[in-house]
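Student: Please model the entire structure based on the sequences and the hints provided.
Per the working numbering, the very first residue in the sequence shown carries number 4; after that it's consecutive.
Hints may contain errors.
Claimed, not checked - Simulated restraints on C-beta separations:
| hint | residue 1 | residue 2 | range |
| --- | --- | --- | --- |
| 1 | Asp110 | Val53 | 36 to 46 Å |
| 2 | Gly81 | Glu58 | 22 to 32 Å |
| 3 | Thr158 | Ser57 | 37 to 47 Å |
| 4 | Ala64 | Thr158 | 40 to 50 Å |
| 5 | Asp210 | Lys51 | 48 to 58 Å |
| 6 | Val206 | Lys51 | 48 to 58 Å |
| 7 | Lys51 | Asp109 | 35 to 45 Å |
In case anyone wonders, no lab produced these hints; they're calculated from the structure.
On a predicted model such as this, the values are computed, not experimentally measured, just so you know.
C-beta atoms are modelled at their ideal positions from N, C-alpha and C, and glycine is treated no differently.
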Amino acid sequence: MRHELLTRALPALRHDMVAPLSVMRMGMLLLKHRSNGDTAVDEGAWDKQVASISEQIDALADGVRSLRDWELATSDDGTTRSALVARCASLMRAAYELNGIRLNVDDELDVAREDEPRFAAGASLRYLVLGVLGFLHDCTEDLGAIRIAADGPETLRFEATRGRPDVADPLPPMAGALRAPRKLAIDAIALQALADGLGYTVVIDGDTVRLSLRPG
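Tutor: Quick look at the structure:
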């Protein structure tokens with residue numbers, strides 16, 4: 004189950020690491036062009052280009068390090084609820100919206116607050132949020148949108164909306180490259196098994212799922 008969820012998130016993870024490489028490649032080509040030119044180049048322009056490449060290297064390093072966050076055996080610093088939702092939504096939004104499914108995050112979760120409590124086991128919670136999204140995606144007929152909202156101080160509520168608006172424009176040619184692959188359908192039994200295995204509680208009520216962010 005966790006492997007299936009990681010597989011679905013991989014297109015977004017891959018994009019996060021490929022994007023800095025593309026910028027670095029263009030920066031190196033520009034530096035090479037300037038070094039081979041006959042016209043003197045302002046020193047400030049060189050410094051700006053080198054700084055840009057350095058930033059992309061840092062971004063790439065952060066992306067590589069983030070892969071460790073998916074290992075349950077690795078201790079982590081936990082996560083806040085808004086950060087958890089933002090990360091999971093960013094991983095799946097492109098794949099869902101290319102299929103006409105909207106991911107809507109309530110304003111309460113859309114803005115990070117300094118006084119937000121942290122929840123332990125960020126990797127486990129990430130798998131669980133992705134598991135709930137995958138369950139609603141796979142098991143809701145004619146799914147049009149998923150709304151993620153706070154439900155009390157330590158719970159998330161996911162609500163599926165049926166029916167999607169007619170889309171006049173066809174999907175772009177590269178849509179398939181961003182669509183998350185799906186090999187195994189995530190049903191209620193699979194989601195419950197994931198939650199039980201990680202030690203958390205999920206409650207499925209029709210098109211609504213509640214996830215407690217505290218073990219128990």
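Student: Please go over all the hints and tell whether each is borne out by the structure.
Tutor: Cross-check of the supplied hints:
1. Asp110 <-> Val53: 36 to 46 Å: Between Asp110 and Val53, where Cβ atoms are some 40 Å apart, the hint holds.
2. Gly81 <-> Glu58: 22 to 32 Å: For Gly81 and Glu58 the Cβ distance comes to about 27 Å; the hint holds.
3. Thr158 <-> Ser57: 37 to 47 Å: holds, 42 Å
4. Ala64 <-> Thr158: 40 to 50 Å: Between Ala64 and Thr158, where Cβ atoms are some 35 Å apart, the hint is violated.
5. Asp210 <-> Lys51: 48 to 58 Å: holds, 51 Å
6. Val206 <-> Lys51: 48 to 58 Å: Hint holds: Cβ distance 53 Å, inside 48 to 58 Å.
7. Lys51 <-> Asp109: 35 to 45 Å: holds, 40 Å
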